[in-house]
Amino acid sequence: MHDMGAARERWHPRWPWRPRGSERAWIAAFLIPYAAVFVVFVGYPVIFGLWMGSSPTLYADLARDPKFLPTMLNTLIYTGIGVNVTMFGAVLLSGYFMDRSRWIKALLVLFMLPWALPAIPAFLAWHWMLVGHWGFLNSLLDKAFGIEGPIWFNDYWSALGSNIVATIWKWMPFWTLIFLAGRMAIPQEIHDAADVDGAVGMQRFAYVTFPLLGNLYLICTLLSTLWLIGDFTTVFFVSGGAPARTTEVLATYGTHLAFDSGDPPLGSAAMLSILPLLIPLAILLIRRVRRSEVQL
Amino acid sequence: MKRIGKIGLGIGLAIWTLMPIYNMFLIALDEDADEYTGRIWPSDWNWDSFSVIWNQDYWYLEHIWHQFGNSCFMGFMTMALTVAIGSMASFALDRMRMRHGWALGNAALLTYALPASFLAIPFVRIMHLYGLSDSLWSVIAAQTMFAAPYAILIFQHYGRLIPLELDDAARVDGASPGQMYWHIYVPLMAPALVAVGTYALLLAWNEYLYQFLLLSSTESMTVAVALDQFFDSDEAPWNYMMSTAIVYSLPPIATYYALRRYMVAGLTMGGVKG
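These protein sequence lines map, in sequence, to chains A and B. Just so you know, my numbering puts 38 at position 38 of the first sequence, and the rest follows in order with no gaps. Just so you know, my numbering puts 212 at position 212 of the second sequence, and the rest follows in order with no gaps.
Don't take each hint at face value.
[Claimed, not checked] Part of the chain B face toward chain A, derived, beta carbon under 10 Å: (1) R39; (2) S43; (3) C72; (4) G105; (5) L110; (6) L114; (7) F146; (8) N206; (9) S217.
Keep in mind the hints are simulated off the structure, nothing from the lab. Yeah, the Cβ is synthetic: ideal placement off N, Cα and C, and Gly gets one too.
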């Protein structure tokens, strides 16, 4: 794969043009909108946030808060399970949707609905579906099977599980679509060659499809990890932290500290405390994105 | 056997997808506004809650159409700005052969090292400083900034499908970079622009935290914030809330299904291109 990329690189004459005088001005004109908005609305807040959370005593305060470590753990469980189930499910389902028969196409249209549905209505629906004795799910269990369902938000694991299931429901369609696009970009000849070699079913997936999707899979996993670690909406609307604020994640916890307890620096510190994990992930993402440039 | 498995999976997926959505209608159509009914089928098809929204007949919903307008303004502004700023930046980085263009595009991705919610606290303070608190523009700015890195990522990958020779030909013919952007880059990138625009619109419509923290007056409020007001009281009419939520869901769903054809083409990331 790499050899081919390198060969192509050599074959093409590299950049015969270099930007000159007036082109430089154009480059600046094209970049300034993004750069200006970035500095004003991201750069400054980032520096301000880092400055707010820079005092070491804040972290000592956090360490003393009995809610801090469980919240951190919740965030890791929520993100870890949520991302991996979503990604693995999405990559398998994208194979299912490769079948272009009419009713599977129609099913794909339906399956994308959770992604197009805004998060707040979606998570409100999940909340009401699970809340109390007679949420829709329990009513259904009772009517259909005569089972008395539990009160989902009264137990730590089922409440945390509800958040995870809701987030999978919301985001799996988007990633399925991305993997579907990725699979469609795999040239048919490769599949034909695999057919000739007798690769079928799982074999074909494990030795042909998955290696080709590997880099995409990794990029998507990293992106969705970065997005889910900072997720506020799901937990806020589905479990709302219930029971007794035990299922909070860093985003809801930090927001509570900053705006309900009126301590923005402590809230910032709570959220910054996961930075040692986030920065390596972001750097890995960037390196992966760059690497994909020279692949095949 | 294989076919039965496929159909079974299809039915399972349909139920999985539709269950929460069905539940929204179940609550919206319930006349006594009580969620603890144990019903799995609406007792009667009571569409009153929708006419209450239409006539703004309940005090939480007094300004709902104005707020709906705010949501639309915010969503479509985020969409337009993300596409404009993102495509201009990636045009400069990729097509104008800027040295280290890729590095700059990747630097934008570093924004994701600090998730949106983590930036919310300093962001709210700084918007006070700028005099932009309680302004839709602060929310639009935040959402554009969080959609832009992904936009640049997609544009850079998609842009590699357009041969650089086209630009050279245009240059020889004396086109300025501005003309090249407008007459070559934008038309050829159309699927990616549409896909990213849809993505940005859905991102804005999904987002809640910034709207919740920044918009406080009924005048500037969006529907997302108005919906949350229902939780302020214990005896809220949940059927009104759910029917508002359903109405609120319509614009992004309509936009997505109208532009759906472009999504698969536009979202292909370069990682697997052969």
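#### Entry: Hint check, R39 of chain B versus chain A [nearest Cβ-Cβ separation less than 10 Å]
6 Å, holds
### Interface hint status, S43 of chain B versus chain A (Cβ within 10 Å)
13 Å, violated
### Message
Would the hint on L114 of chain B be counted as holding, given a Cβ-Cβ threshold of 10 Å to chain A?
### Response
6 Å, holds
### Query
Taking the least C-beta to C-beta distance, is F146 of chain B closer than 10 Å to chain A?
9 Å, holds
### Query
Does the nearest C-beta of chain A fall within a distance shorter than 10 Å of the C-beta of L110 of chain B?
Check passed: Cβ of L110 of chain B comes within 6 Å of chain A, closer than 10 Å.
### Query
With 10 Å as the cut and Cβ atoms as the points, is C72 of chain B at the interface with chain A?
With a minimum Cβ separation of about 12 Å from chain A (threshold 10 Å), the hint on C72 of chain B is violated.
### Message
So, as I understand it, the hint says S217 of chain B touches chain A; can you test that by seeing if any CB pair is closer than 10 Å?
### Response
This interface hint is violated because 17 Å lies over the 10 Å limit.
### Query
At a threshold of 10 Å, is the proposed contact between N206 of chain B and chain A supported by beta-carbon distances?
For N206 of chain B, the interface hint holds, since the closest Cβ of chain A sits about 4 Å away, which is under 10 Å.
#### Entry: Restraint outcome when G105 of chain B is required to lie within 10 Å of chain A by C-beta distance
8 Å, holds
When the structure is compared with the earlier hints, violations turn up for hints 2, 3, 9 and for no others.
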